[in-house]
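Peer 1: One-letter residues, chain by chain:
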Amino acid sequence: MLGVLGLCAIAASSEGKLIRGLLASAFGLMLAFVGYDNVGGEVRFTLGIDYLWDGVPLVPALIGLFAIAQILSLCLAGGSITENPAAVRVNRVGEGIAAVFKNLPTVLRGSAIGAVIGSVPGVGGTVAAFLAYSTTVHLSDEPETFGKGNVKGVIAPEAANNAREGGALIPTLAFGIPGSAEMAVFLGLLVLHGLQPGPSLLINHLDVIASLLLSIALASVIASIICLALARRLALITLVDVNWLVPVILAVSTVGAYALRSNLYDAFVAVIFGFVGYLMIHFDYPRLPLVIALFLGEVVEVNFRQTMMIANGDWTIFFTRELSLTLFVLIVLSLSVPFVRHVRQMRRARAEPRS
Amino acid sequence: MNRSRAKQFLPSFVLAVVAAAYVWIAYDYELGSRSLPWIAGVLAIVLVLIDVAVKGADSLSRVPGEGSADTGRQTAEVDEGSRPMPSARQELAAFAWIGAFLPLVVVLGFYGAIPLYGFCYLRLYAGKGGLVSAATAVGLVVCLYLVFEVFMGYGIFGGLLGGDSF
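Read top to bottom, the protein sequences are chains G and X.
My numbering applies: residue 3 is where the first sequence begins, and numbers increase by one.
My numbering applies: residue 1255 is where the second sequence begins, and numbers increase by one.
Note that these hints are calculated values from the structure, not bench results.
Predicted, not measured: the structure shown is a model, and the values here were computed from it.
For glycine and all other residues, C-beta sits at the position ideal for the given N, C-alpha and C.
Honestly, I wouldn't trust all of these hints.
[To be verified] Pulled a few chain G residues facing chain X out of the computed Cβ check, cut under 8 angstroms:
#1 LEU24
#2 MET32
#3 THR256
[What the hints assert, rightly or not] Straight line, CA to CA, 27 angstroms or less: simulated DSSO-like cross-link-like pairs of lysine-lysine:
#4 LYS1261(X) x LYS19(G)
#5 LYS1309(X) x LYS150(G)
#6 LYS1309(X) x LYS19(G)
#7 LYS150(G) x LYS104(G)
#8 LYS150(G) x LYS19(G)
[Unchecked claim] In silico contact screen, one side only, chain X against chain G (beta carbon under 7 angstroms); selected entries:
#9 PRO1265
#10 TYR1276
#11 GLU1284
#12 GLY1286
#13 SER1287
#14 PRO1291
#15 LEU1301
#16 ASP1305
#17 GLN1344
#18 PHE1364
#19 ILE1368
#20 TYR1375
#21 ALA1380
#22 LEU1394
#23 PHE1402
Isolated chain X (complex conformation) (with noise of 0.2 angstroms):
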């Protein structure tokens, strides 16, 4: 089995492993409790062996080198047009900027971490300039600040450092 078929077939795999870990697990449960859990349990293996079954007859019946089935739908769905789909280089890269954020709120808090996140993405990842960036970051911010506090009366995590918890 070449890279992208393996490839192909790692969803149906890790999706097979979590709904048989979720079947188990609704073992521990009284009747009553784990019967529609089970029953959504059982059914999304035999989904997930259909979509296997599904997906190696398509593979088989294509000639090695032509590629995938699932290629050209890929990419239809993430960008229209004619962009090239990311490596996984990329893909870890926008993920970990993404979930960088969420640190930053938990010890600066919303209003800390925005601007300074917002600053650190434009400047850093999209190349921007340092004054539109940073001005846009404030602008971000302030937004905001004006339409969850100052509007709808919200009142915003203040971050670790700032003695909120959560």
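Next comes chain G alone, as it looks inside the complex (with noise of 0.2 angstroms):
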């Protein structure tokens, strides 16, 4: 239900194209039950390729919808990306770390966001930082100002994806459940310390507890600090030549698709997908929600599949239960904001001409 949810919320946060990014998020979900059924131990949608039984990877799809298709676009609009230069001056740093102060609220929901869903094992991070988007920009005003500058649009995401880490925690330390891949590496690193994870380590050793958590804040204050400090050179890159990246990026991409699990079947993934996330900026159809539902897909079946096996095969376990309910009424909540939105804007737009 969280899985799905976080679905809805980000196909409904495409401003504007919430069936586009429903359908979107229909057809990652397709691609993401492509492969091994780890359940039933079928094998499905592989079209009788073996490279598919490991299903769609995620990371060279990932590559492909964003880096290869924006390379796409760029080899075809050619020229550099911004032509004025002092577009890019990286310049009002203070104002950005005062814009952070000036929106606490933000700030906090999404931190509360990013612990809160980076908590549960599985579902984990990725999802978080889109919640938080999502929510801040249906909380919004000016809804219609995100992707355009609004800076609330940055802070909440980010403040979500440094604060799951500190969610991850919890599982990882309190019950020895790794939310994610790096908390599971994280727990192996703490066995061979000599460290059990569990509620003994949070009563015997609240000295490595307050440092790891030290640990993670400093981290990001230093990230930040090397960050600021990279952006004035990093931004000049807008001013190059496109044609001169695109060689570069397309390089780049597909030897990372490939390194990752020296699979050469992972470069062609990434281009396939770029020409695919082409076609869906072209044809005005989200890319992220597709993206999302390619990586819940299998958590979303898994736990889907548990849930109707210990239910019996009863539906109503979804609406039965107080949490599973509160979290269906989040995803009808999700779904009507953009039709309220959109009764607020034609009755704000009668009242304007009155006006």
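Reconstruct the complex from the two isolated chains, following the hints.
Peer 2: Okay, structure coming up:
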């Protein structure tokens, strides 16, 4: 239910493209179901291609949909990303830092969402950032400004993104259940150092917990300083003729896609998804819901089928338990927000000529 | 139905066909394995139909010659500013240029394909100078070698000519 909520919220936050966002989510889910069925053991939708037994790989798909699709756009557009050197000057850094403190409710909301979602094993942090973003868009009086320079659209997901690591520590340290791949590695390191995750760790080794929390906080600050130092130079890339960038990005993207699993088919997947991504840009379909659905599909299916087994195939379990009913209500609310917003805009438009 | 309207509905048609084929294939699997794929496929078909209905209503409400509702949005998505939309021929050429990289990689490996492709792209497609194109292509492959092989220790595909298989 949490996965479906994430998908609906992300689709709903695609300004003016709810149907297309949901459509992209549906296709993302369809792609996520390709390969070996972890519950039933059946191989599905592979079209006889052995490579697809493991499913559609997420990272090459992500590289294709965003990096390669973008270089296709650049390749066709020519020129430079921006023609105006004044537009790429990294200035008003202080204003940006001040904006964080001016928008403390957004920071706190994003952090809370990040911590809560991050603490759910399996679903983890990828959803957190997007859920924080969509919540901020929904609650804003100016949703049309998001994606066009509204700083809250950056603050909310980044706050969630940073908070999710803290949230993911809860099941990892308290129960020994890693919420993500990073936490699984972290868990292994704890065991390697003779620390057994579980309630006893929280009671007997509070010093370790405190240093962990401080490390996470400190790492965020140091990373911010490094990024600020590099930002001015990196911004100059937008002035370079895009034709110089195309072979560079293509080479880095395909080598990156290949290097992850040393599988050349991953580079093919990246390029195929690059073409798909370009067509999605061209025909005005949002790409993000597809990626999130691709990521969440397996989690959603495994949990759905486990739930159905527990409930002996009784669908009403999704509406009779308090938590699942709450999530269902949130799904309905997230889908109704665009309609409510549309009605409000219509009313405002009618009221303006009168005034 | 004129050509622009046909183009407007083409993606919906393709998506509907893909989703229908997906649902049809899903019927071959056991009930447990097909339940969610079937739901996702049917949902996709329903959403495509709604999208078509919305587009249809939108296009009917417009005066012929005024342009489709999508045109403005496409321009805004692909390029900021007032750059014109590329023609289908230009798009196919770009697809071919990007797609041509992979056969080169298969044959020559990344370290052979990257300088060759980089040079050809910059010289032939972008019309840059020969020397600067060659320098960029070689510089790029050296950087990638340092990052992936030396610093990160990844073994990069050497190509069929280099004796690697995939």
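Peer 1: The structure should be examined with respect to each hint, and the outcome stated for every one.
Peer 2: Status of the hints after comparison with the structure:
1. LEU24: 5 angstroms, holds
2. MET32: 5 angstroms, holds
3. THR256: At 7 angstroms from the nearest chain X Cβ, THR256(G) passes the 8 angstroms test, so the hint holds.
4. LYS1261(X) x LYS19(G): With Cα atoms ~19 angstroms apart, LYS1261(X) and LYS19(G) stay inside 27 angstroms; holds.
5. LYS1309(X) x LYS150(G): 25 angstroms, holds
6. LYS1309(X) x LYS19(G): 12 angstroms, holds
7. LYS150(G) x LYS104(G): Holds - the C-alpha atoms of LYS104(G) and LYS150(G) are around 19 angstroms apart, at most 27 angstroms.
8. LYS150(G) x LYS19(G): Holds - the C-alpha atoms of LYS19(G) and LYS150(G) are around 16 angstroms apart, at most 27 angstroms.
9. PRO1265: With a closest approach of 5 angstroms, the PRO1265(X) hint holds.
10. TYR1276: This hint holds: TYR1276(X) lies near chain G, its Cβ roughly 6 angstroms from the closest one there, short of 7 angstroms.
11. GLU1284: 6 angstroms, holds
12. GLY1286: 5 angstroms, holds
13. SER1287: Hint on SER1287(X): holds, closest Cβ of chain G at ~4 angstroms, below 7 angstroms.
14. PRO1291: Status holds, d = 4 angstroms.
15. LEU1301: Constraint on LEU1301(X) satisfied, holds at 4 angstroms.
16. ASP1305: 5 angstroms, holds
17. GLN1344: Because about 6 angstroms separates GLN1344(X) from the closest Cβ in chain G, which is inside the 7 angstroms limit, the hint holds.
18. PHE1364: 6 angstroms, holds
19. ILE1368: 5 angstroms, holds
20. TYR1375: Holds - the Cβ of TYR1375(X) comes within 7 angstroms of chain G, reaching about 5 angstroms at its closest.
21. ALA1380: 3 angstroms, holds
22. LEU1394: For LEU1394(X), the interface hint holds, since the closest Cβ of chain G sits about 6 angstroms away, which is under 7 angstroms.
23. PHE1402: Cβ of PHE1402(X) sits 6 angstroms from chain G, so the hint holds.
Of the numbered hints stated above, none is contradicted by the structure.
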